[in-house]
Each structure stands twice: as structure tokens, then as C-alpha cells.
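Participant: Okay, here's what each chain looks like letter by letter:
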Amino acid sequence: MTGLLIPALLLGVSALALGRRVDVYSALLDGGRSGLELVKSILPSLVMLLTAVELLRVSGAADALTRLLAPLSTVLGIPAETLPLLLIRPLSGSAALAVGADLMAAHGPDSPVGRTAAILLGSTETTFYTVSVYFSAAGIRKTRYAVPAALLADLTAFLAASLTARWL
Amino acid sequence: MVMSYVWVFLLALSLFCGLLNDAPDLGRAAMAGAARAVELGLGLAGSLVLWSGFGTLLERSGLQRGLARLLSPLLGRLFPTARRDPEAMGALCGNVTANLLGLGSAATPLGIRAVCRMQALSRTETATDEMCRLIVMNTASIQLLPTTVAALRGQLGAEAPFDILPAVWLTSALSVTAGLTAAAVLRRWWA
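Chains as they are written, first to last, in the working numbering: chain E, 2 to 169; chain Y, 5 to 195.
Think of the hints as simulated: they come from the structure by calculation, not from any bench. One should not assume that every hint holds.
With the C-beta cut set under 7 Å, the calculated list includes, among others, these residues of chain E facing chain Y [stated by the list, open to error]: (1) V59; (2) A62; (3) T75; (4) L77; (5) P110; (6) L122.
Where a beta carbon is used, it is the ideal one built from N, C-alpha and C, also for glycine.
All chains, please: the whole structure from these sequences, using the hints.
Facilitator: In C-alpha cells form, the structure reads like this:
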């Protein structure tokens, strides 16, 4: 199903835009250039964090952390391997991407751990970054309950991701 | 700044555990990790370019504006004060639809414009309930096509990279609902 969804979506939007006399191909190229900028901006951060992740694994620290967090993960009913992702997700988008990519590569993208990581990455944002960018731009000093409410949403996403990874 | 502490902590932890575990070759591991990151990043580049192009097409075709108009009655209920101000409402609807369509680079400036306009209306340095609601809707990320993650899955050999869509939609819906509910409850404690 999803194998046809993507090309159908590309065709549908392109045809509709062409019908409205939009220069479809230029739009794709202009947007594509900004995609290249995106690659350039996340690559250094991917390098630093995957270096750190590799060090954690080879040194045995990753195993120790997983063992340490195992009781917590049993209580929450989620794979222990994904807990580091929960910690890093609200702090840094590219760090979360690196940790998620590492989980998917190590356990397989279609394994429960890999799917949980993917669903979590797809359904959450970099909470602290968003809060600080929006509020500092508008000159808001007292953020009230914005951070706790947003973090609660992140935690919910995490619990839901491990469930939907198994059932959907 | 937070990431600097995270970085130092991760390195210190690795070195400490390495010493406990008979000092494996961590120098080699560092090089391997860095090399793998470039492989991954360049592997993702194709998809990121394709979907960024598609995003710009969504903007120029007017589909994003159409969706914003469609959602505006629903959003008006969540943002009763902003609804009375066309500028705030326009930015707000644009922000939510840009997020839905995965147009990250368009969503942020629109969201900032919405919060700035809301601040101009409230004239305080304290976040209003509606600002907090907008923040929760942005951090909970309701995205119809999580293209970056799908690209990552494709790159790592997933059978159907986009088959996580229903799970992502349900998870996002649950987390936005939880965030908005939490906001509705918590506002009583923050006068």
C-alpha cells in the first residue's frame, strides 16, 4: 500500500500545481537546494554524536547503561535499549537522529526496538529548542507550564511508540 | 550549551567504562563512528533533497494555504483570543499546517510570528495559556509524512520505509492530546 502512496502523492501534488500554472520543476529544485543545506547543517553533529555512540558501545558503557535502566524499562513496558533516545530527544534533534539511526542499524529497522525508535523520532520534536526559540523571540520570560506539559507529551509519545511499534 | 555537558559526560563515561573493561581500542572506535556518520548522512541526502523539494512545491501550489483555511475553524476553538486577530490567526494556522506537511523551515518562522503577535496582544512577559497550547502543539509534532525518519529507515534497509505511518499518526495524536490535557490541568497551578 505505502509503496504506491508516495509516488501517487508526488504525482498528485505535481499535477495539481501544474494545473495552477506553478513552475513545478523549479519549485522542486529550489526546495531541493534547501534540503542540501539541511544535510550540510546536520552532518557535523551526526559525526560527533555517532563517534560518542561508538565509544559508548565499544567501551561497554552502553551495555552497562542498558542493564542499569532495565528495571525502569520493565515497569514502563518499553525496550531498555530505547531509553537513551528518550533522554536525548528533547535536547537535540540531530543527536536523537544519530542515536535512533544507531538503534535501527544495531537491531534492524524492522525489529521492535528499531520501529519504536523510528516512531518516536517521527512523532516528537526537540522540545527545549522549540520552547527557547519561540519564547525568546517573543520576549517571554515566564514560560509557566509550557515545559512540563510539553515533556509530558514527549513521555506519552514514548510509551505510545513502543505499543504502536508492536501492534500497528 | 547543554550539548557540551552531554558530550563531555559521554566521553568521560566511555573512557571510564573502557578502563574497567580491559581498555579496548577506543581510538579505532572513534574513527569508525565518525566514518559511519558520513556514510549515513550522505545516504540520507538524496531523500532530504527530494522531500525538501516536495515541501517547496506544497507551498507554491497553494495547498498549504488551502489546508490552513480548512483548519482555521477548528484552531479557532483552541485559540479564542488569537482568533479575533487576523494576523495572529494567519500565522498560527500557517504554523500548524506547515508542521502537518513536514515543512520544518516554514513552520518555525510562522510559529515565532504567531507567538510575537500574541505577545503584542497580551502585553506581558508571561506566557499566556494560548501560547503554551501553541508550544505543546509544536513540540508534540503532528506530522503527516515523517520523511526524515522514513529516509533513515530506507537507508538502513527497512522492507517498507513508510509502513510506520499509522503508528506515527496514532502516537502523535496521543501525545498532542496528552500535552493539551496536561496544559488544561496545569494552568490551575500557574496563576
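Participant: Indicate, hint by hint, whether the structure satisfies it.
Facilitator: Do the hints match the structure? See the list:
1. V59: holds, 4 Å
2. A62: holds, 4 Å
3. T75: With a closest approach of 21 Å, the T75 (chain E) hint is violated.
4. L77: violated, 15 Å
5. P110: holds, 4 Å
6. L122: L122 (chain E) check passes; min Cβ-Cβ to chain Y is 5 Å, inside 7 Å.
The structure does not agree with the numbered hints 3, 4 stated previously, though it agrees with the rest.
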